[in-house]
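Asker: The residues making up each chain are set out below.
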Amino acid sequence: EAAVTQSPRSKVAVTGGKVTLSCHQTNNHDYMYWYRQDTGHGLRLIHYSYVADSTEKGDIPDGYKASRPSQENFSLILELASLSQTAVYFCASNSGTNERLFFGHGTKLSVL
Amino acid sequence: QQKVQQSPESLIVPEGGMASLNCTSSDRNVDYFWWYRQHSGKSPKMLMSIFSNGEKEEGRFTVHLNKASLHTSLHIRDSQPSDSALYLCAAPMNYNQGKLIFGQGTKLSIKP
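So the protein lines, in turn, are chains F and W.
Per the numbering used here: the first sequence = residues 1319 to 1430.
Per the numbering used here: the second sequence = residues 37 to 148.
By construction, these hints were calculated from the structure, which means they are not laboratory data.
Careful, some of the hints might be misleading.
As the list claims (entries may be wrong) - Think about it this way: if two alpha-carbon atoms lie no more than 30 Å apart in a straight line, the pair counts; the simulated DSSO-like pairs of lysine-lysine are:
1) Lys135(W) - Lys1383(F)
2) Lys1383(F) - Lys103(W)
3) Lys135(W) - Lys103(W)
4) Lys103(W) - Lys1329(F)
5) Lys92(W) - Lys1336(F)
6) Lys1383(F) - Lys81(W)
7) Lys147(W) - Lys1375(F)
8) Lys103(W) - Lys81(W)
9) Lys92(W) - Lys1375(F)
10) Lys147(W) - Lys103(W)
To be verified - One side of the interface only, derived from the structure: several residues of chain W facing chain F at Cβ under 10 Å:
11) Gly95
12) Phe97
13) His100
14) Met129
Every residue gets a Cβ at the ideal spot worked out from N, C-alpha and C, and that includes glycine.
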């Protein structure tokens, strides 16, 4: 099964601080995604990427940046963390259109 | 903006019973759906996909798709306590088949 690894597993950040969430996949997938999940709810797409060195905005990009330095790595950056960004963040990848998503285990972010 | 609506929000089914979950897209161009299952504290995992009108069965799980009404449903027969989870429906975004829009989920609880 496809392997998607996220780090850290959990993080506590202070309001106004910078947070970087990392994602690494080893399955040669071209497509990578960052989703946000608030307790008990569905997933909302923040940023995604189809190729290295290029990222696209999802449905809720405000307050987030993304970076795809290589096919394997995709980072989500919160330049100025806010309380409203407390959530679980999932990275996912797939091999293209109409293909299933493989998710990482998630990063629980608490902004205080 | 395209939406994926799931119902009910939560469902309690006795062990051995039938669970029925529903999902509808607001985008008339959607012609396939995914179902993902997420156990508490875990990442979502693909359960079933359906690309053609009609019915698809895999073990205790059956998915129906009606493209004309943009509606899909998931049915679980002989429900087990291990089926207790958040069930997420997803559909491709308008004109961008690589992006998935998720519904808010149905929380299914199986009572022993």
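Asker: Each hint needs a verdict: does it hold in this structure or not?
Answerer: Hint by hint, here is what the structure shows:
Taking the CA atoms of Lys135(W) and Lys1383(F), the gap is about 18 Å. The hint holds against a cut of 30 Å. Our distance criterion of 30 Å between C-alpha atoms is broken by Lys1383(F) and Lys103(W), whose separation comes to about 36 Å. At most 30 Å may separate the alpha-carbon atoms for a hinted pair to count; Lys135(W) and Lys103(W) meet this at roughly 19 Å. Of the pairs offered as hints, the one joining Lys103(W) and Lys1329(F) is violated, with about 42 Å between alpha carbons and a cut-off of 30 Å exceeded.
For the proposed pair Lys92(W) and Lys1336(F), the alpha carbon gap of about 46 Å is over 30 Å, so the pair is violated. With a CA separation close to 26 Å, the supplied pair Lys1383(F) and Lys81(W) stays within the 30 Å bound. Restraint check for Lys147(W) and Lys1375(F): the C-alpha separation of about 41 Å exceeds 30 Å, so the hint is violated. Distance hint between Lys103(W) and Lys81(W) is fulfilled; the C-alpha atoms sit about 24 Å from each other, no more than 30 Å.
The suggested pairing of Lys92(W) with Lys1375(F) is violated, with an alpha-carbon distance near 34 Å, which exceeds 30 Å. Restraint check for Lys147(W) and Lys103(W): not satisfied, since their Cα atoms lie roughly 33 Å apart, outside the 30 Å limit. Residue-level restraint check for Gly95(W) is violated (minimum Cβ-Cβ distance to chain F is 18 Å; threshold 10 Å). For Phe97(W), the interface hint is violated, the least distance from its beta-carbon to any beta-carbon of chain F being 15 Å, above 10 Å.
The interface hint given for His100(W) is broken, as the beta carbon of that residue sits about 19 Å from the closest beta carbon of chain F, more than 10 Å. For Met129(W), the suggested interface contact is upheld, since its CB lies about 8 Å from the closest CB of chain F, less than 10 Å.
Checked against the numbered hints given earlier, this structure breaks hints 2, 4, 5, 7, 9, 10, 11, 12 and 13; the rest are met.
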